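Engineer: Sequence:
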Amino acid sequence: MRTSDWFVTSLTAVGLVLASCAPAAAPTPTAKPAPAPAKAPAAAPTAKPAAPVATPKPAAEQPRRGGVLTIGVGGDPPSFDVHQEETSFTYAITAATYNNVLKPDPHAWPEFKLVPDLATSWQVSSDGKVHTFQLAKGAKFHDGAPVTAEDVKFNLDRIGNPQRGMARSPRKQELSAIASIDTPDDSTVKVTLSHPQGYFLPLLATVFFAIMPKHVVLANDNDMRKTILGSGAFKFKSYASGVGWDLERNSNYFVKDRPYLDGVKGYVIKDSFARFAALRTKNILWWAPFPMMSVSQARIVEQQLSDRIALKWEFHPAWYGVIFNLAQAPWSDVRVRQAISLAFNRKKMVATGLEGAGIVGMSAQPPGEWALPEEEMVKVPGYAKPDIEGAKRLLAEAGFPNGFKSEMLVRAVKVHEDTGVVIKDAVAAIGIDLDLKVRETAVYQDTQYKKAFGIAEGGVSSKVQDPDVTLGDFYLTKGGRNWTGYSNPYYDELHAKQSRTVDAAERRKMVWEMQRILFRDVPISIVYWVKAPYVWWKEVRGFTPPVEFSNAYTYQDIWLAR
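In our numbering, the protein residues as written are 822 to 1383.
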C-alpha cells in the first residue's frame, strides 16, 4: 500500500555566521635567563591573526503579494465547460479557478511527481484496483459551500457518463475502468477499478478533470458552458469575447498564503505578430504556451531580449496531421488515405510548418517508451521520405488517376493554418487539390464532433501519454475523441488486452502491433509532434515550465518581483 502525504514547502532563513576575533595570548612565564652579551633587541611578539569573518549568504528571495499577471492568449474559448472542451483557450481561464483531486508538482521538472490538490493523502490497494483519497477539510467553493466527497464522485460520473445538458465528453473512455465510487464520509472518496490502470492517478491531475460544485451544475441543468465556479486560487470576474477576461484573488483559498497575485488578466490577441509586439512592449508579461511562439520570434527573444525575458523550449506531446472521415468518399477508401500518407515529406514539412521546431511523426504514440523504435519507423513507407510514385499508383487503383479536388477543414490558429498549408502543398504533388476552409475554434470543434467534414487538418495532445489514453481516445470504436468513425474489432480487443497486461514487455508488443495496424488503416495521418517555447518576463517569479503542458495555467505560485 502506498501513501503520499501533503508536501509543505517552506523557506528557512540563512543565519549570519560571524567568527569572533580572539585577543593575542599572554606569554607563558619562564625562568629568568642568565645575563647575555648585548645584542639587538628581539622583535616584539606578533599578535595572533583574527579569524576570518564568514561572508553572509544572500537571503532567499521572498515572494511579494499583489499585482496582476497579464497574459496573451490566441483565441476565445468555445465554452467554459472544461469537461467537454479540448482547447487551452478554455483552460487558460478555468485551470486557476478549479482544483483537481491531485496535481503534478509544478517545481519537480523534469520529473513527473504527483502532489496533493484537494486530496491531502491517498492510498492504493496492493492489487492496484482500489484508490482511497482523503480530502482537505477546509476547501470551499467560491460561493462558500464546502468541497465534499460527493462533489468528486459527481464529477467523475459526469465525465464518464455524460447526461443531458453536456454536449460531449471527450475523455469518457479514460474512465471506463471505474467499477464503483463510494463516499463513506464527506472527506473520503473510494474509487474501485475493474482492473489496475497505472495512468489513473496522473489522469486525475489533468485540468480536464477539474472538480465542479455538484449543486451549481445541477442548478444549471448540467450546462456549465457559461458558468465558472470552482474552489481554486482565483475567482472568475469577467469575460468579453474578442477582448479578454479577468480573474481575481480568492481570499478564502484553502492553501495557506496562496495565491500571491491580486489577479490574472488575459488578453485575446489572435494575431501572432500583435501578440509578440504586446510581449516586447510589456503589455503582457507571459505568452500563453499555446498557440506557440514561432521559432523566428523565439530567436529574437534569445538574441535580443534574454536579459529581460526568459524562454525555455519543451517537447509538447501534441500531434499534427490529417483526420479522415471514414464515412465519406473518397476518404472511406483506405488506398486514398494511404496515398496521402505516402505523399508526405515529413522532414520538409517540419522545416516549413514549424521552422524546424518539431519531431517527424507518423506513429500514433508520441516519442518515448511506447513508440515504435526509430529503426523500424525509418523502414515504413512515407516516414523517412515520400513515395510519390507509390502514392499515385494507389490513387489510380482507387479510381483517381488524375487526382481530385476537395475541401479541408482547418482550425483558425496559426500553427494549424501553417500545418494546413504544408499538407495542401504536399498532396498537390499527387494531384489532390485541397481548398482550405479555415474556421474559428468553436465552429471547427463542433464540425469535428458532428463528423460534418470529409478531411480535416488536426492537432491535439493527450494529457497522459499512456497507451490506454493515446491509443484509445482517437481510435477505439467508442473512443471519446474518435472523430474519424474508425472501428476495428481486433484493434479494440488488443487495446483491452494491453490495458490489463502487467508485464511491460508483453504490453509493449501489443502496443507496437496497434501502431502498425494504424499505419495500415490510416484513420489519422500524423505528420509531426511539436516543441513549444514557454516565454515570460523575468520579473514573473514562481513559474516553472510544467511537465504537463496544461498545468502551466494554474498561476497559484506565481508572483511579481516589482
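Incorrect hints may appear among the rest.
To be verified - Straight-line Cα separation of at most 25 Å, DMTMM-like style, residue types lysine to aspartate or glutamate; simulated pairs: (1) LYS1086 <-> ASP964; (2) LYS961 <-> ASP1006; (3) LYS1213 <-> ASP1256; (4) LYS1226 <-> GLU1190; (5) LYS950 <-> ASP964; (6) LYS1011 <-> ASP1067.
For the record, the hints were derived by calculation from the structure and aren't laboratory data. Owing to the predicted nature of the structure, the values given are computational and were not obtained by experimental measurement.
Engineer: Take the hints in turn and mark each one as holding or not.
Structural biologist: Status of the hints after comparison with the structure:
{"no.": "1", "hint": "LYS1086 <-> ASP964", "result": "22 Å, holds"}
{"no.": "2", "hint": "LYS961 <-> ASP1006", "result": "16 Å, holds"}
{"no.": "3", "hint": "LYS1213 <-> ASP1256", "result": "20 Å, holds"}
{"no.": "4", "hint": "LYS1226 <-> GLU1190", "result": "40 Å, violated"}
{"no.": "5", "hint": "LYS950 <-> ASP964", "result": "35 Å, violated"}
{"no.": "6", "hint": "LYS1011 <-> ASP1067", "result": "36 Å, violated"}
Violation of the numbered hints given earlier is confined to hints 4, 5, 6; the remaining hints are satisfied by the structure.
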